[in-house]
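Each chain is listed here by its residues.
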Amino acid sequence: MKPVVLMVGADKGGVGKTTVSRTVLDYLKAKNTPVRAFDAEHPRGTLQRFHPDVTEIVDVTTASDQMRMIDTLSTSEIKVSLIDIRAGLLAETLDTLTEVGFFDLVNAGEFNFGLMHVVGSSVASLDEIAEVLPFMKGQHYFIVKNFINDTSFFEWNPAIYKNYFRGNNTAVEVTIPKLNEMAYEQVEISGIPFSDFVANRQTNGQAGNNSLVLRGYVRTWMRNITDEYDRVGLLDRLYDRTAAAA
Amino acid sequence: MTVSAFSTASTIEPPPRPDPADPFETPNDAARRSFAAIVASLHGRTGKTLFARVLADYFLLSGHRPLVFDTDFTEQTLRASFPYDTVVADLSETRDQMMLFDTIAARSPEARVVDVSHYVFRKFFKVMQDCDFVSEARARGVEPVIFYIADRNADAYEEGRLLRERFADCALVLVENVFLGALKERTLRSAGYRAFESHDLCMMLPLLDPAVADAVQDSDISLSDMISQPLSRSDDASSGALTFEQRAEMRSWLMKVFRDIHRVTRAAESRAPQIVPVDSLI
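Protein chains in written order, with the working numbering: chain A, 1 to 246; chain B, 1001 to 1282.
The following block holds chain B by itself, in its conformation from the complex (with noise of 0.2 Å):
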């Protein structure tokens, strides 16, 4: 899969509709619904960016090729030399808004991975809720979740607490990621903290070894690769700066990751409202 049309900024353009012989188009999928995954959070150097990749690759891995939408337009994290289309969307122009906007919302078996830079969290998530995406979304047989990544601040708490109300008909699955260590004080005592405390989706981001977690960041593995090959001590060269040992942990932590997904998408599923052909908005 060529990626590189999307890859620059001058080049934004909807991405191809899928066309009527792809395989993924079978009658049980056309009934089915696919995931819109929105991964936020209110500050940087969350894991958010590994977290998107990892959906995507979770997407991947279980048949639904993920559109990923990188919004940090200025460093385009979610680089496209990874195994499924990476499209760069600029927020600041409606044309890139409609662009994003439209595609996820639109009918396709593909799963669509966005990846909300705190740079344009507010922006986004007000586009998202004055066109009333996830209605929109629904209609078109597309489960929007939003994964909101909590770092240690109460702030953050607040701001997925205001996200969780003014999406209220939006799954939102919190995600804590261990990696950022204990909570503050002060976060434990915050209303926003406390608002959570019987939330039923939530799913943890267990430990990586820093020194794995910058490989992987650092380098283009794939990490749906790892998981669908053997591990094997032979190909230590084409699998970058990784040691056999950081692979078996890498692979190890994707699968918990993979499975907590797995989990809270069904979750998400199941609670969603019932599919009703709406043919007016096809």
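Here chain A stands alone, though its shape is the one from the complex (with noise of 0.2 Å):
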């Protein structure tokens, strides 16, 4: 199996970018994918809160972690790599790893290679979008609509949005649905993956005494995305499996 990069992003923060990210992370350990993660919002961490078993921080901008992650993808044992990039840095991220001869191994096919672009609300998002189909000719391209905080999407003409992806035909749109306030402060607190919140554990390991009606939202939340992901194939895009094709 090929090694696959996996890189979520945003130009804009607030949309929810780490929450996809977790959402992946849990998505991958139930399909028994082993995963390692690399939080690039360097130094604070966020992803690296919830997922610290598998994460490792970043800075995008040095030589050294570029290495770190690129050097390692095809000796590394666990072939997944999940690049959680800072927000607003994505546009960068992307020069920078076509200045490092990134996308010439993915085109040669050495790695595979997604990006989940969560996008926000706003018509800047479609100009953000613009910004980085250059890059995504011929690659694995996800649009993440995320409705978690319930954002509405009524800004978006339909007309304008189809005009973007004139040419690229590979770009899929992917939604989080939104979940319940409470329950996601809650995980937010306990600081845990989501997967474990639903089984009722604490960073420990230890039985937590979460309430069953957040953890039943939160387990709802997670089958629907489970169902979005099966739905648009992204394990099988990023394995070139030939349902991908379709």
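Derived from the structure by calculation, the hints contain no laboratory data.
Quick caveat, the model's predicted, so the values are computed rather than measured.
Virtual Cβ for every residue (Gly too), placed ideally from N, Cα, C.
Take every hint as true, because none was put in to throw you off.
With the Cβ distance kept under 10 Å, some of the chain B side facing chain A (calculated, not the full set): (1) THR1094; (2) GLN1097; (3) MET1098; (4) LEU1100; (5) PHE1101; (6) ASP1102; (7) VAL1127; (8) MET1128; (9) ASP1130; (10) CYS1131; (11) ASP1132; (12) PHE1133; (13) GLU1136; (14) ALA1137.
Using the hints, put the two chains back together into the complex; each one sits in its own frame.
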């Protein structure tokens, strides 16, 4: 199996990018797919707080950390690498990756590459997409609409939206549904993966004391996300399985 | 037992946990399961609230002080003047959903009775399913039993059938209220009704003189007092609107219903999976 790099990014902060990364880590775990994660929110590391066992904090602007991520791709036993890009640095990071020849390797078939682009509800997000599209020719490009905070995407004019995707038919739209606010908040406070919250575990692996109603909300929400990732064939696409071509 | 703390919407809080010296908490009790009776019907005016009250009194008389939840936030028909704790929950609030489901699934010797208003029927069972209530409760020694009161319409049986399918691992008692009259021809032919023909957990609410039923519903007469205190002609003054004969009728009606409740709860208990203490869930 080829190494897979899945990048999660957004040009704007506050669109729930790290939340999406967390759902992907839980999804991969449920699919028995080992993954290593790089949290580029250097030096803070939100993703690392929730998934400390698989996450390293990196600074994508430094050569040493680029090497830590890219040079280890083919040697690492763990084939899937998720990179949570710092908000606002998506286009810049793609530039840097081009510079270091990452996309040449992808095009040569050394790795598979996918981008989950978490977009906001404003028209500015469409410009963001336009900025990223040139990098994504022939790559797996997932546009993630995150409704977790009840965002409505009414500002998007369908005609303009369609126009952006002319010539790039690999773009896939992914929808993250809304999660009950109290449930979301409780997981935030607990600082644990969504899957642990559902299983009523604490950080130390001990039994938790979380409300079964809140756990129920998270469980249902995760089930919907799993269905959504299955629907768009997230893993199949990244693995270049035949289903992805359809 | 004072209940005023739970009688208003603004003071909704989880009820106090039984203290360790609770007289109900004997070693035997700890190993026994307690019941969470969920009383529901698809439509209004089915006798659901009266039945919920009878259930609460049944548990009271059998030594398991019940905790009663009223989900009719606007009408609050199960009044706070009953001899057991009544908590009103507004299911449109996440906080109240937590208070209700977390409390009824908690390990405690108290019986719990939930009066599910037909206004929140779908919401209640959705949350109940989403939070995997049946297995969560069972892991804490609480056995849920759904008492579903079917009215005379075909859709009520159909909804009951769906409920039984949805909560296949939970006992569902079909309650038929004779007071509602004969079944419609259309209902008898419906698939929903036929699905219950071989249902084995059924009970009947026998006919009760409407005047007695009204008097009981409108007053705060304690049903359990009626059973536990001897019937006497001399206490007319303290028993509100009911005459001696009416009290006698009410008493015999209650005895019949209690016997049926006893029969179905024992049946539900005997078929429930064995209690396996799951320490990680405590």
